[in-house]
Structures are given as C-alpha cells and as structure tokens.
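**Student:** The sequence shown maps to residues 1 to 347 in our numbering.
Any given hint might turn out to be false.
Claimed, not checked - With a Cα cut of at most 25 Å, we get these calculated DMTMM-like pairs of lysine to aspartate or glutamate:
(1) LYS306 x GLU282
(2) LYS175 x ASP109
(3) LYS255 x GLU239
(4) LYS306 x GLU326
(5) LYS65 x ASP96
(6) LYS82 x GLU51
(7) LYS162 x ASP205
(8) LYS325 x ASP287
Claimed, not checked - Here are the simulated distance ranges between beta carbons:
(9) SER171 x GLU226: 42 to 48 Å
(10) GLU191 x SER234: 47 to 53 Å
(11) SER207 x LEU165: 17 to 23 Å
(12) ALA204 x ASN298: 35 to 41 Å
It should be emphasised that the hints constitute simulated quantities derived from the structure, not laboratory data.
Please read these numbers as outputs of a predicted model, since none were measured by experiment.
Don't be surprised by glycine CBs; every beta carbon is placed ideally from N, CA and C.
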Amino acid sequence: MKIRSTLVIVIMLLAGAAAMAAAFSPEEPQDRAQTAYQDAYNLILDEKWSEAITAFDNLLGQYPKSGWVDDARFWRCYANEKLDKSLKNAFDCYHDFIRSYPSSKYTDDAKANLIRIGEQLVRSGEREYEAIIQSVRESDNEEITLAALYAMSNIGDERALKTILDLYDNSSSAKIRGKIVYVLGEFDSPEVLPTLRRIATSDADNSVRKKAVYALGDHDAAGTAEILIGILKSDNATEVRKAALYALGNSDDAKIIPVLKETALAKGNGDLSKAAVYALGEMDLPDAGKMLAEILKNASEPEVRKAALYAIAEHDSEAALPVLKETALKSPDPALRKAALYAIGEV
1 MKIRSTLVIV IMLLAGAAAM AAAFSPEEPQ DRAQTAYQDA YNLILDEKWS EAITAFDNLL
61 GQYPKSGWVD DARFWRCYAN EKLDKSLKNA FDCYHDFIRS YPSSKYTDDA KANLIRIGEQ
121 LVRSGEREYE AIIQSVRESD NEEITLAALY AMSNIGDERA LKTILDLYDN SSSAKIRGKI
181 VYVLGEFDSP EVLPTLRRIA TSDADNSVRK KAVYALGDHD AAGTAEILIG ILKSDNATEV
241 RKAALYALGN SDDAKIIPVL KETALAKGNG DLSKAAVYAL GEMDLPDAGK MLAEILKNAS
301 EPEVRKAALY AIAEHDSEAA LPVLKETALK SPDPALRKAA LYAIGEV
C-alpha cells in the first residue's frame, strides 16, 4: 500500500510539473508571427510608413513560412507606395505580389492598385505599362477594374470616364452597373448628365435606374431639375419616379414646388402622391407650407391628406398650428380630425 501511495504522489507531481511547463512555455512561432503582424499593421493605421516597412521586413525575415507572409507583403507594398512616391517601384511591388500570391485575399486589391498606378504611368508617357495593365483587366472580374477606375475618377482622368462608360454598356450584372452609376457621379464632366439620364430611363433594372436618379439629384449642373421632372412625369416604374421626387425635394428650388403639388393632387397613384407630399415637407421654403395646406384640403385620397397633415406638423412654418387647429375642428374626416389633435400635441 505504501509503495502504491508513493507512486500515485509521484505521478501527480509529474503531471503538475508538466502542466506548469506547458503554461509557461514560450509562444508558438505562429503566435509570435501574428503578434508581429498586428504590431506592424498598427503602424499602417497610424500612417508611420517607414516604421511599418521595417516591421514587415523583420516579420518576413523571422517568419518566412508563417501564414501572415502574403498579408505582410501586401501592406509592405502599400506602405512603400505611400513613402517612396515612385510609381514605378509601387507598380513593380504590386505586380510581384500578384504573381507570387495569386490566391491571396489581397490579390484583388493589389490588382486594383496596379491598374490605378499603371494608368498614371501610361498618362505620363510610360507606354510599356499599358500591356501589363490590359492583361490584368482582361483576366479579371469587373469589380477589380471598377475599383481602379473609381480611384482614377478622384484624380480627374477623362480616359477613365470613357472606359467606365464602355464597361457599363458591356456589363450584364445589375450589381456592377449600380456601382458604375456611383462612380459616374464622381466625375465632373458634361458627358455624365446625359449618361445618367439614359441609365435612369432605360436600364433593365429598376434599382440601377433609382441609383442613377439619386446621382442626378447630387449634381448641381444646369438642366438637372428638368431631367428629374421629366423622369417624374414619365411612365417609368413608380419606385424610380418616387426617387425623382425625393431628389427634387432636396433641391430647395422654388420652381419645383408647383410640380410636387401637381403630383400630390393627381389621382390614381397614392404612393407617388404621398412621396410628393414628403418631398414638399423636406423643402425649407415658405411656399412649401402653403402648398401642403392646399393638399390637405383638396387631395382626393385620405392617406394623401393624412400625409400632408403630418408634413405640416413637421414643417417649420408659422401657419402650421392654425391649419392643424382648423382641421381638428372642421374636417369631415374623423380620422383626420383625430390625427390633427395628435399633431397639435406634438407641435
């Protein structure tokens, strides 16, 4: 019994020692590589480019077989682009990364950056880069090309505009065409307005049409309001026409108020009429309040009148309270009288 007890104690002591050794053992190489990567990446976030390059070089030297090598290589290229300002060096770095890590999660980003930088080099007369960026474009998806074109739009590249218009005309993906519309809105070119109008009236997908309408609404160019009014009065889908209403409502142009009033009072499309009321309610103009009061009195559909009542209550107008009181006391519609009482309590 004594021998057996002694053996049990020895086994327990050995097990405890093993557990303590495991608890205090050095970090695994992969864990150390992850820590080193995170430290280096934090330098990227802090825009400490030179220090980041040194940190990534140390990581690549110490842990050449870790799972963080492609991450480190990509961000090293990025930091080098920011620090060196040499387009050729940045291009070569991304090109080498793409060839070395074709399956990396950063490959698409590297390709987009390579196309963006390559276009700048070609514009500066370095024609030898054209074949490389064309091969990257042709071998990859539209998303990559689009990302590069968006970056180019920020530097005012007219060639990028032509390319993106071609991309729109040849894309079968509504998702891509929608993104193209967003990028088009970033270009300051006379070609953009008619293109957005064409998309808003003829694209096969209504969601893309709506995006084109909102992009038009963000443009201050002469003629934009007329285009939006034309879309509103067309036989386009209701959701697209509603988008035109909201875009018009954001303009605070007094000339638009009669158009919104006419739409609100029109019969046959309650959703569109209510959208016109909401658009009027967003306009910070005195006449908008007066028009809302007229709609409250004259609209044929109860839901439109109720929308006008709520818009009046929300509108910052001196005439709001008298209109609400009159409605609460004299409206023949019990539901509207009740809604007016609630609205008065909120004013």
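**Student:** All hints are to be evaluated individually against the structure, with a verdict given for each.
**Tutor:** Comparing the hints with the structure gives:
no.: 1; hint: LYS306 x GLU282; verdict: holds, 16 Å
no.: 2; hint: LYS175 x ASP109; verdict: holds, 19 Å
no.: 3; hint: LYS255 x GLU239; verdict: holds, 23 Å
no.: 4; hint: LYS306 x GLU326; verdict: holds, 14 Å
no.: 5; hint: LYS65 x ASP96; verdict: holds, 18 Å
no.: 6; hint: LYS82 x GLU51; verdict: holds, 12 Å
no.: 7; hint: LYS162 x ASP205; verdict: holds, 22 Å
no.: 8; hint: LYS325 x ASP287; verdict: holds, 20 Å
no.: 9; hint: SER171 x GLU226: 42 to 48 Å; verdict: violated, 28 Å
no.: 10; hint: GLU191 x SER234: 47 to 53 Å; verdict: violated, 22 Å
no.: 11; hint: SER207 x LEU165: 17 to 23 Å; verdict: holds, 20 Å
no.: 12; hint: ALA204 x ASN298: 35 to 41 Å; verdict: holds, 38 Å
Hints 9 and 10, counting from the list given before, are not met by this structure.
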